Amino acid sequence: MQENAIEMIGITKTFPGVVANDNVNLSVRDNEVHALLGENGAGKSTLMSILFGSYDADSGIIKIRGKEVRIKNPNDATALGIGMVHQHFKLVHNYTVTENIVLGIESRTRLGMLDLKSAERRVAELSAKYGLMVNPRDRIEDISVGMQQRVEILKTLYRNADILILDEPSAVLTPQEIDELMDIIRRLKQEGKTIILITHKLREIKAVAERCTVLRRGKYIDTVDVASATEEQMAELMVGRAVKFEIDKAPAKPGDVRLSIRDLSVLNSRGTAGVKNLSLDVRSGEIVGIAGIDGNGQTELIYAITGLAPAQSGSILVNGADICKMTVKQRIEAGIGHIPEDRHKHGLILDFSIAENAVLKDYDKEPYSSRLGVLDFQKINDRARDLIDQYDIRAGEGPVMKARNMSGGNQQKVIIAREIGLSPDVLVVAQPTRGLDVGAIEYIRKRIVEERDKGRAVLLVSFELDEIMNLCDRIAIISKGEIVGTFDAGEVDEHQIGLMMAGMRLDAPKETER
Amino acid sequence: MINILGKVPTILMLVSPILITATGGMICERSGVVNIALEGLMIFGAFAAATAHFFLEPVIGPNSVWIALLVGACFGMLFSLIHAFAAISLNADQTVSGTGINLLANGVTIFLAQILFKQDRTKQFMLGMMPGPGGIYPTAYIALAVIAVVWFVLYKRPYGLRLRSCGENPQAAASVGINVTSIRYVAVLASGFLAGLAGSCLVLTTNTQFNSTTVNGHGFIALAVVSFGRWKPLGIAGASLLFGTALAFSIIASDVTILRQFPTEMFNIMPYAITLLTLVIFSGKNYAPLAAGKPYEKGAS
Amino acid sequence: MTGKGHKRGIRELLLSSDGALSVMVVLLGFLCGTILILCVGRNPLGLYKAVIQVLTGWSIKLGRWDIRYVGEWLAQSMPFILCGLSMAFAARTGLFNIGGEGQYVVGITVAQVFAILGPQVPVLHWVLALTLAILAGAVWGGIVGWLKARFEVSEVVATIMLNYIALYGSRILIMRIPGTNTYKTPDFPKTALLGSDFLSQLTNGSLLNLGMIFVIISVVAYWFIIEKTRMGFGLRATGFNKEAARCSGIPVMRSVVLSMAIAGAFAGLAGGIVSLGSFKYGRVLASNDGYGFTGIAVALVGNNTAVGTLLAGLLFGMLSSAQGLMQSNGIPKEITFIIQGLVVIFIAIRTGFRMFFKYTMKAKNGGEVARND
Chain P
265 MQENAIEMIG
275 ITKTFPGVVA
285 NDNVNLSVRD
295 NEVHALLGEN
305 GAGKSTLMSI
315 LFGSYDADSG
325 IIKIRGKEVR
335 IKNPNDATAL
345 GIGMVHQHFK
355 LVHNYTVTEN
365 IVLGIESRTR
375 LGMLDLKSAE
385 RRVAELSAKY
395 GLMVNPRDRI
405 EDISVGMQQR
415 VEILKTLYRN
425 ADILILDEPS
435 AVLTPQEIDE
445 LMDIIRRLKQ
455 EGKTIILITH
465 KLREIKAVAE
475 RCTVLRRGKY
485 IDTVDVASAT
495 EEQMAELMVG
505 RAVKFEIDKA
515 PAKPGDVRLS
525 IRDLSVLNSR
535 GTAGVKNLSL
545 DVRSGEIVGI
555 AGIDGNGQTE
565 LIYAITGLAP
575 AQSGSILVNG
585 ADICKMTVKQ
595 RIEAGIGHIP
605 EDRHKHGLIL
615 DFSIAENAVL
625 KDYDKEPYSS
635 RLGVLDFQKI
645 NDRARDLIDQ
655 YDIRAGEGPV
665 MKARNMSGGN
675 QQKVIIAREI
685 GLSPDVLVVA
695 QPTRGLDVGA
705 IEYIRKRIVE
715 ERDKGRAVLL
725 VSFELDEIMN
735 LCDRIAIISK
745 GEIVGTFDAG
755 EVDEHQIGLM
765 MAGMRLDAPK
775 ETER
Chain G
6 MINILGKVPT
16 ILMLVSPILI
26 TATGGMICER
36 SGVVNIALEG
46 LMIFGAFAAA
56 TAHFFLEPVI
66 GPNSVWIALL
76 VGACFGMLFS
86 LIHAFAAISL
96 NADQTVSGTG
106 INLLANGVTI
116 FLAQILFKQD
126 RTKQFMLGMM
136 PGPGGIYPTA
146 YIALAVIAVV
156 WFVLYKRPYG
166 LRLRSCGENP
176 QAAASVGINV
186 TSIRYVAVLA
196 SGFLAGLAGS
206 CLVLTTNTQF
216 NSTTVNGHGF
226 IALAVVSFGR
236 WKPLGIAGAS
246 LLFGTALAFS
256 IIASDVTILR
266 QFPTEMFNIM
276 PYAITLLTLV
286 IFSGKNYAPL
296 AAGKPYEKGA
306 S
Chain H
83 MTGKGHKRGI
93 RELLLSSDGA
103 LSVMVVLLGF
113 LCGTILILCV
123 GRNPLGLYKA
133 VIQVLTGWSI
143 KLGRWDIRYV
153 GEWLAQSMPF
163 ILCGLSMAFA
173 ARTGLFNIGG
183 EGQYVVGITV
193 AQVFAILGPQ
203 VPVLHWVLAL
213 TLAILAGAVW
223 GGIVGWLKAR
233 FEVSEVVATI
243 MLNYIALYGS
253 RILIMRIPGT
263 NTYKTPDFPK
273 TALLGSDFLS
283 QLTNGSLLNL
293 GMIFVIISVV
303 AYWFIIEKTR
313 MGFGLRATGF
323 NKEAARCSGI
333 PVMRSVVLSM
343 AIAGAFAGLA
353 GGIVSLGSFK
363 YGRVLASNDG
373 YGFTGIAVAL
383 VGNNTAVGTL
393 LAGLLFGMLS
403 SAQGLMQSNG
413 IPKEITFIIQ
423 GLVVIFIAIR
433 TGFRMFFKYT
443 MKAKNGGEVA
453 RND
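Residue numbers (the working numbering), protein chains in the order written: chain P, 265 to 778; chain G, 6 to 306; chain H, 83 to 455.
No wet-lab data here; the hints were simulated from the structure. From a predicted model like this one, the values you see are computed outputs, not experimental measurements. Treat the hints loosely; a few may be bogus.
[Unchecked claim] Which residues of chain G face chain P? A partial, calculated answer using Cβ under 10 Å:
1. Arg162
2. Pro163
3. Arg169
4. Glu173
5. Gln176
6. Ala178
7. Ala179
8. Ser180
9. Gly182
[To be verified] Restraint ranges, calculated between C-beta atoms of paired labels, are given here:
10. P/Asp640 - H/Gly412: 52 to 62 Å
11. H/Arg258 - G/Leu246: 26 to 36 Å
12. P/Pro574 - H/Leu113: 49 to 59 Å
13. H/Arg258 - G/Met135: 40 to 50 Å
Every residue gets a Cβ at the ideal spot worked out from N, C-alpha and C, and that includes glycine.
Just chain P, same shape as in the assembly:
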C-alpha cells in the first residue's frame, strides 16, 4: 500500500476579516505529482504556506510520512524534507546564484569563514543531475526569469528536499519555458520526489498531474483523478458553476486611427533599452492586444504612452497630435485613459475615499472646483454616487468609504468607472483582471468590449494568453522591446504566439502538426 507522504487534516486559518482555510483536508501520496487547484483567493497559497512553516494554522494537524509533526518555521519544514518554490521568487538580487542557494546553510572553512568554492561545486553537481542548467557565478539580477526559477528549485534540492511545492510556477514563463518546466517536473518525479503543484492553469494539470485537489473560497471541494476528468469539469469544481471560456462579442468595426506609435524607443529603469523602434496603430472600435511575457517592454511602452516615462526617440500620435512632449495631465486631456497594471500603486489612493478617487483626474476643473480653487464636495460626492450606481460597485458606506476597505474587484471597478467616465478616445488597459475572482473578471471583460463598441480605441496588455486571444481583434506580440508580429485574431494559434514571445519571427501563419 502506498504511504501518504503528506496528510493535512482539518486545517483552519483566519486572518483579520477573512477565513483563508476552512477545515481543509489534503492527502498527497509518495512520489506523486499532485495539483492544488483554485481561483485567486481560494486559499491554496495559504495552505502551502502552513505546510512550509511560514504561517501557523489555527487548528488542524499535519502528518508527514504517517507521523504527526509541528512545523513552526521554514527550518522545521526543511528538516522534514519539504521545499518550496515561491511564486514571487525569494532571491537577493545582487547576490550570485551560489550565494542565494547557500544562504542560511552556508558551508564554512575550518576557521569559520564563508566557503563559497565547495558550495559552487555542489551546485554544479545538482545542476547537472537534474538538468537545471545555471551558472553558479551569475548574479541574480543578470539572469532570465526562467533561470531564476531554476535557482529557486535548486535551493530546495540543495537542502535535500524530497517534497517540492511549486507555487504558480508558470505565471512568469513563455509557453516554451512552460514545456521545459513540465519536463523538469517529470524528471524530478523520476528521481523519486513528491511534487505539489499550485496552479489555476488547467492545461498544465492535465499535462503532468496525477490527482488534483480543488479548493474554493477556503473550503475543500473534491479530489479528482486527472486522467479521467475534463478541463470543463475541473473548472466547474473550481468556480462552482459552469464557466464560459469564450466571450460573446460582435465582430469589430474599426474606424479611424486614434493612436499611432512610430519608431518608439524607451529606456527601462536600469538604463538599457526597454522598447526598441516600436510601431503600432490602434483604430477606434477595435481592441489591439499586446501579448508577451512580463518584462519584455510592455511596462515601458505603457509608461511612454501615458507619460510616466519619457520616450528616447520616436513619436506617439493621438488623433494626429504628437503627445511625446506633453505632461501626464495634458495627455489625459488629449484623450488617453489608463487602467493601470498595479491598481494599488498607480490606480487608486487607498487612503482617499471613493469620491476623491473618482475625481482624481478632473478634480481641478468645474464643477468640482470653482475658478478660485475651492472644492465643491457636494458635486464630487454626487458624481461618486452616480458611478456607484452605474457600475454596481459594492460600497457599504457610500462615497465616503475609503478605497482601502473595498475588495479588489470593487477597487478595479472604481478605476474603470473613473477612466471610462472621462470618455477617452484611447483606452490603455494593462492586466485588468489580475487577482480577481471569476465574476469580476467576466464583468470587466464585458465592459471593455462595450467600450470598443462605443468607438474607443483600446490597447490591451495582458500576460494571460487566454485573455488576449479571447478579447482582442488584433494581436501584436512583443519580445525584448520589439513587435515581432501583428495578426488578426484567429490567424495564429497559441503555439505560434509562444514561439514569437520567445523572439522568433513568423511572417505568415503556418499550418503546424500538433
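Guided by the hints, dock chains G and H onto chain P, whose structure is given.
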C-alpha cells in the same frame, strides 16, 4: 606655506568619530533599518564618557579614558535599544522614532548634567585622551580597527552574508530560516555601540567637557557619509576622510595667515555645504540596500 | 459587568481616534517625567504647580492671580504653533521637514535686517518685515523641496545641513550690520516692533503682541488650504501615494517644492514674530532657539491637523513658559525637553500601541484569534 603633514593629526582627530559612526550606520542600514538617531546616540555617548572620565580620572589617572570610552559606547547602545524596539518590534516609522531619540538626547544629557554638576554641561576633566606617536590620537587606530573588523565580518563570514540579505530582501532571508528580527536588533545595537564610542572619542580628543555643541551635527554628517560611500566600507572610509577634512578646516584655518581674515563662520559652514553638495551630485539612492527603511512584516509575500 | 464594558470603550476609542491617542501619549509623557523627577529626588509637585500657574495665572504659592502668566503662555506658544504648522504641512504631502529650525533662523535674520535698515514708516515697517520673513522662510524651504524633486536628495539630511548653514550664515550677516557687537545689534526703531499697548495692558504687561493675529490667520489658512482647496487635494494625494498622484496628472515635483515652500513660510513667520515681538534688538544667534525641532513634536502630537497643532502648540508653549517657575521650584527645566522627546517616541510607536490594544481586546473576547507570529 601650509604644513599639510602637520595638520594630519587634527584631521584624523575629526575623521575618526565620523568613520566609527558611519560604520555603525552602514551596518544598521545594510540590515534594513534606517537609523537617523546616530546624532543623538553620539550625544549620549559623549556625555557618558565625559562624566565617567571626570569622576574616574582623579581615582585611576589618565588610563580612565579607556573605561570612559567603554562607558560611552554602552550608553549609546542602551539608548539604541529604544529605536530597535520601536522600529523592529513595533514597526514604527523609523524616521520618526530616530528623531525622537535625537530630541531626547539633548534633553536627557543636559538634565543629568544639571542634576550631577548643577550646570548645563559636564565639569571639566583634567586631561582627555593623550596623543600618541606623531601627535596622532589612538582614536584613529580604533577607527581603522573598527572598519577593518566590520569589513571582515560582512564579507567573509556567513553572518555577514545573512545580515546583508536582511537589508536587500528580508522575505528571502526569512524563507531560508534566517531570524531577520534578531539580526536587525544586533545591527541596531551595534550601531548604537559604535555611535556611542564615536561620541566618546570626540569629546575626549577635542574638548575637556561635554556641552550642547559637542557633537554639533557630526551624526548627520555620518549619515551622509554612509550614502556617499555607497554603503561599502571602502567608500565610507574615503568619504569620512573628505568630510573630516572639511570639519578640520575651521581649526586649521586659524593657523594659516591667508585664511585668518575670513570669519570663522565660513569655515563652520563648509562641511555642511560640502555634505549638501555631495548629496546633490552623487545622489546615490540607487545603491541603498533595497529593503532599508521598510518595516518588515512577517508572512507578507 | 459595567466595569468591563467601560474598559472596552476606552480601548476602542484609542484604537479609532488619533486625538484620543495623542492625549494619552501626552499624559504618558508627563507620567514618565514625574517618575524621573522622583528618581532624582525632587518633588514633582513643583512641575504641576508651575503648569497651573501658567495656564490660569493662579499662583498656589503666593495665593493670588496674575494674568500676566497667561499672556506669557500665549506669547510663547506662537512660535510652537507656527513651527508645528510648518512640519505638519510638509507631512501632509509626505515630506519630513526637520528644517523648521533653519527656516525659522532665516526668518529671524531677514526680519532683523529689515527692522534696522528698512524705512521707519509706522505699521508698514513691521508688516513688510514679517512679509520678508515669510518669503525668506519659503525660499529656504523651497530649496529643500527642489533638491528633493529634482535630485531625489533626502529631505531629512538636506534640512539638517541647511539648519547649520542658516545658523552660521545668520551670524555672518547680522554681524555686518553697523553697530553690532558679538551678541546684539543696535535697538530696533519703534515702528518695527510688534508690541501692542492694548494687548499688553490686557495681560498686565506680558509680551503678548500683534503676532497673535497672524498665528490665528495661519491656523485657519492651513486648514482651508489643506481641506478645501484643489491645491490641498493635490498635496494630500501626493502625500498618500506619490505614484498614483503622478499617474493622475497631478504635478508631483511642483507639489513637493510648493509644499516645502509653504512649510518654510510658516517657520519663517515664526522667526519674524519672535524677533520683532519678544525682543527690542536684533540677536547674533549663538545657538538654535529650538522651536523648529519642537515643532516636530507639536505636529506629531497634533496629528498634522490644524486644530490639533494649535492645541499641541499651546501645550508646548505652556511647558516652555513654565520653565522659569519650575526652575525656582527645584525642577531642572530640561524636563520639558525630556517630555517632548518621550512624546515623539511614543507617537512613533503609536502603531505599536494599537497592535497592543488589538491583541488584548481579542484575547479578552476569546473568539477571534490574533495573527500567530
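Which of the numbered hints above does this structure break? Violated: none.
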